[in-house]
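There are 2 protein chains.
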Amino acid sequence: MSSTPAGRLNINNVNPHVREAKYAVRGELAVKSEEYRAKLARGDTDLPFTQVISANIGNPQQLDQKPITFFRQVLSLLENPLLLQHEDVLLNQLGYKPDVIERAKWLLSKAGSVGAYSASNGVPAIRQSIADFLERRDGFPANEADIYLSGGASSGVNTLLHIICEGPKTGVLVPIPQYPLYTAALALLNATCVPYYLDESQNWGTDVSAIKKACADAKTQGVDVRAIVIINPGNPTGASLSEADIRSVLDFAREEKLVVMADEVYQTNVFVGKFVSFKKVLRSLQKENPGKYDAVELASLQSVSKGMVGECGHRGGYFELVGFDPKVQAEIYKFVSITLCAPVIGQCLVELMVNPPKPGDPSYELYNKEYNGIFNNLKERAYALWRAFEKMEGVECGKPQGSMYLFPTVKIPAKAIEAAKAEGREPDEFYCLRLLEATGVCLVAGSGFGQKEGTLHFRTTFLAPGTEWVGSIVKFHEDFMNKYR
Amino acid sequence: MSSTPAGRLNINNVNPHVREAKYAVRGELAVKSEEYRAKLARGDTDLPFTQVISANIGNPQQLDQKPITFFRQVLSLLENPLLLQHEDVLLNQLGYKPDVIERAKWLLSKAGSVGAYSASNGVPAIRQSIADFLERRDGFPANEADIYLSGGASSGVNTLLHIICEGPKTGVLVPIPQYPLYTAALALLNATCVPYYLDESQNWGTDVSAIKKACADAKTQGVDVRAIVIINPGNPTGASLSEADIRSVLDFAREEKLVVMADEVYQTNVFVGKFVSFKKVLRSLQKENPGKYDAVELASLQSVSKGMVGECGHRGGYFELVGFDPKVQAEIYKFVSITLCAPVIGQCLVELMVNPPKPGDPSYELYNKEYNGIFNNLKERAYALWRAFEKMEGVECGKPQGSMYLFPTVKIPAKAIEAAKAEGREPDEFYCLRLLEATGVCLVAGSGFGQKEGTLHFRTTFLAPGTEWVGSIVKFHEDFMNKYR
Chain A
1 MSSTPAGRLN
11 INNVNPHVRE
21 AKYAVRGELA
31 VKSEEYRAKL
41 ARGDTDLPFT
51 QVISANIGNP
61 QQLDQKPITF
71 FRQVLSLLEN
81 PLLLQHEDVL
91 LNQLGYKPDV
101 IERAKWLLSK
111 AGSVGAYSAS
121 NGVPAIRQSI
131 ADFLERRDGF
141 PANEADIYLS
151 GGASSGVNTL
161 LHIICEGPKT
171 GVLVPIPQYP
181 LYTAALALLN
191 ATCVPYYLDE
201 SQNWGTDVSA
211 IKKACADAKT
221 QGVDVRAIVI
231 INPGNPTGAS
241 LSEADIRSVL
251 DFAREEKLVV
261 MADEVYQTNV
271 FVGKFVSFKK
281 VLRSLQKENP
291 GKYDAVELAS
301 LQSVSKGMVG
311 ECGHRGGYFE
321 LVGFDPKVQA
331 EIYKFVSITL
341 CAPVIGQCLV
351 ELMVNPPKPG
361 DPSYELYNKE
371 YNGIFNNLKE
381 RAYALWRAFE
391 KMEGVECGKP
401 QGSMYLFPTV
411 KIPAKAIEAA
421 KAEGREPDEF
431 YCLRLLEATG
441 VCLVAGSGFG
451 QKEGTLHFRT
461 TFLAPGTEWV
471 GSIVKFHEDF
481 MNKYR
Chain B
1 MSSTPAGRLN
11 INNVNPHVRE
21 AKYAVRGELA
31 VKSEEYRAKL
41 ARGDTDLPFT
51 QVISANIGNP
61 QQLDQKPITF
71 FRQVLSLLEN
81 PLLLQHEDVL
91 LNQLGYKPDV
101 IERAKWLLSK
111 AGSVGAYSAS
121 NGVPAIRQSI
131 ADFLERRDGF
141 PANEADIYLS
151 GGASSGVNTL
161 LHIICEGPKT
171 GVLVPIPQYP
181 LYTAALALLN
191 ATCVPYYLDE
201 SQNWGTDVSA
211 IKKACADAKT
221 QGVDVRAIVI
231 INPGNPTGAS
241 LSEADIRSVL
251 DFAREEKLVV
261 MADEVYQTNV
271 FVGKFVSFKK
281 VLRSLQKENP
291 GKYDAVELAS
301 LQSVSKGMVG
311 ECGHRGGYFE
321 LVGFDPKVQA
331 EIYKFVSITL
341 CAPVIGQCLV
351 ELMVNPPKPG
361 DPSYELYNKE
371 YNGIFNNLKE
381 RAYALWRAFE
391 KMEGVECGKP
401 QGSMYLFPTV
411 KIPAKAIEAA
421 KAEGREPDEF
431 YCLRLLEATG
441 VCLVAGSGFG
451 QKEGTLHFRT
461 TFLAPGTEWV
471 GSIVKFHEDF
481 MNKYR
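So the sequence lines, in the order shown, correspond to chains A and B.
Mapping of the first sequence onto UniProt numbering: position 421 corresponds to residue 421, and the numbering continues sequentially without gaps.
Mapping of the second sequence onto UniProt numbering: position 390 corresponds to residue 390, and the numbering continues sequentially without gaps.
Read the hints as simulated data drawn from the structure, not as lab findings.
If you're wondering where the values come from, they're calculated on a predicted model, not measured in any experiment.
A hint or two may mislead.
Where chains are identical, the list cannot tell them apart; a pair therefore holds if satisfied intra-copy or between any two copies.
Claimed, not checked - Cross-link-like lysine-lysine pairs, in silico, DSS-like; alpha carbons within 30 Å at most:
(1) 219 with 327
(2) 105 with 369
(3) 32 with 327
(4) 22 with 399
(5) 257 with 22
(6) 22 with 334
Start from the sequences and build out the full structure, keeping to the hints where you can.
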């Protein structure tokens, strides 16, 4: 018994919505893996492995992905503008190209100091640069006033759900499996998550009939379904929606007056198929059918954390709004202003991401080489991991499609399921915990993302270098199956 | 009439708690001032002023405060670690000192890449460095496990209030006038703000009897008062609490079992009196009275945005917890993990702030000169502004005490109050709006911070350089008084 007298707060009287929120990506397993990492760093030798592999989270630069040189050279000048007094040294001795210096000067002229708060929605010139990018990408105009810089996409999701959710009856359609930020944010807001299931048999495709059914069922229970989340390409599935599927989703959103939240942070992590933005398809529909789609509200999100940029630690991102009422936008502006502004150096990184060196620019050759190197590396690792899963008993995994993850289904023997129950755990959690203890490899159980009743999965990134950790998963799996068979 | 068909969201069905939240620091006046700034940038000449002075927000580097060289040199190396391959160039041609290089290497060895997510509560070595600083500052031990890095102090306040607020009946004592983040965050959480008034006649001192009365009144109305916010030094008032006052507050918190939230972001911006931390006083009380104060829960917040650092755009900060239940801390950890982590470059800046060059270090001389230069500069500007206010009819202002603000009381003629009413505005809002239109100087009306019924104030930073803008306020005030007398 503890001798410390009780304070005011305890687990039973804190905010119940915080208590209810779950976030497995950084949950018990991740915490345990950090403890192992600290143990190894202290020189402890009583663990059956010598390194911890954090395959639980898409964090490329924690593993061995190098940042893109152009980006970081510009950022170094933004952090220390005094270096710009030594252009000759930068150019002749430190390998900086003229376009690096030019871009840094331009960003400083627009942001002032990166140590100053920007406008609440971001530096105006950076918003304009994003609008220009969106116009190039989609072939339709974009307006800087509809763009909001955010601290990673997570903070954008938090903002949008804060506005959308009126009360406990507000329902938001969320794909299952999903990135658990959505369910966690809805739990915090005490709103209703309306799950719709992706179709594993169709390589995790988005099935509009499943969405319609989920929506209709929720409505009969009195839920005010008013938004739909689409993660495209999918997390944890990697699946990209075809243009036809996006049209179906937008059509359904129009019929049901659903706000569409398109999480497009993996838009450049595509191995199979092609990324098509929701914005482009919506504008196409509006052009083809004058008037018919004008009321559709779309918010699309992007981030510097994913893609070949992989700059998670910089917490940069943005969202673009289409079709939102100006008075609602004013509320969004006020909401973001309460937390002042997104990190300004992260805003600058967003600008670099959307406006990288172009062919002919002095930094282009290196940029292009680094960018393609990262892309090909990720693809190779994805396939190597997939081939390993193909050989594992009871494991099934579709070919890698995109994002940074594989999400295999795993069949676990009945004895293992019983053993899990005895520990009060989901069977896939039990599996992942034993894997961590045996190998130091940290995954996330499928139950952390949601899955159809009776199926089990795990999510792993394919970011870690080398093949040793893959071999250790294969070996563990064999032992596990033999033990519980 | 607009021809756009209505979407799903409108001002009447978005989250009502967002609608209710107010944040005057970046409200209508600030938005209008940005419009003026854009007009001037476009070359428009129809405004009666040639520059906009943003005295509405403590944003030193937007005005002319230069960042501290040591900080930014280290950050430039963290952003581009390839520069560390050229130590000779850094040392001999670019003015970097050996301790800059050493610190950058150390931070990189601890954080890995600044482009990688850190642990949810921050880089462990940075938490340890903060704990070491707190121990040096207070003379009592601090534990890195009780420290949470945050995106500025604002994000820390958001986290803490999220945990504390169980429902609409949860009450939090907030000083009036206050930094409106507190009332805004409580509105978003649909909790109850319990205002207590600071004593203007005692230079905005904290009067424990006023706190007691506010708390007792709220309890009789069924409010579950469970926390008290103290801003020390005060914002917008600048007042520092004496150790005796802090003891009284902690004593009351002990009696009433209130969680103490000590917003100490202005701890180095002190001209009058001395900053004493709540942590130090709490630990002293615990030492003097074994057992008696053990259950007191304290959260204290700090930021890189204020002080002589002034790095608002980097969104760095931290909070330390004392006396919190481990299970409550686990909920806090989960909450911060949903947004992944604070910006890592901002975390590194926190480390530099708490562990700056020491006497004898190669960078110390310049650091010390810059630090003192900023301090003295702020003090001079504060006094210059205060002397101007002293001469203005109907304006009363205590001597500058600290923080970055003056908060004078202003007596406005009855005719002006009527004119304000006719516009549906608070009289001080009306005054500030007319000032902005006439001079380009953007202030925040006292009503944005809260004030005693029947009194009127405005808040201005004393960050802007030069005296011209001060003169323009004096001139405007004279005209305003003459017009409405």
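query: Hints broken by the structure, by number, lowest first?
result: none
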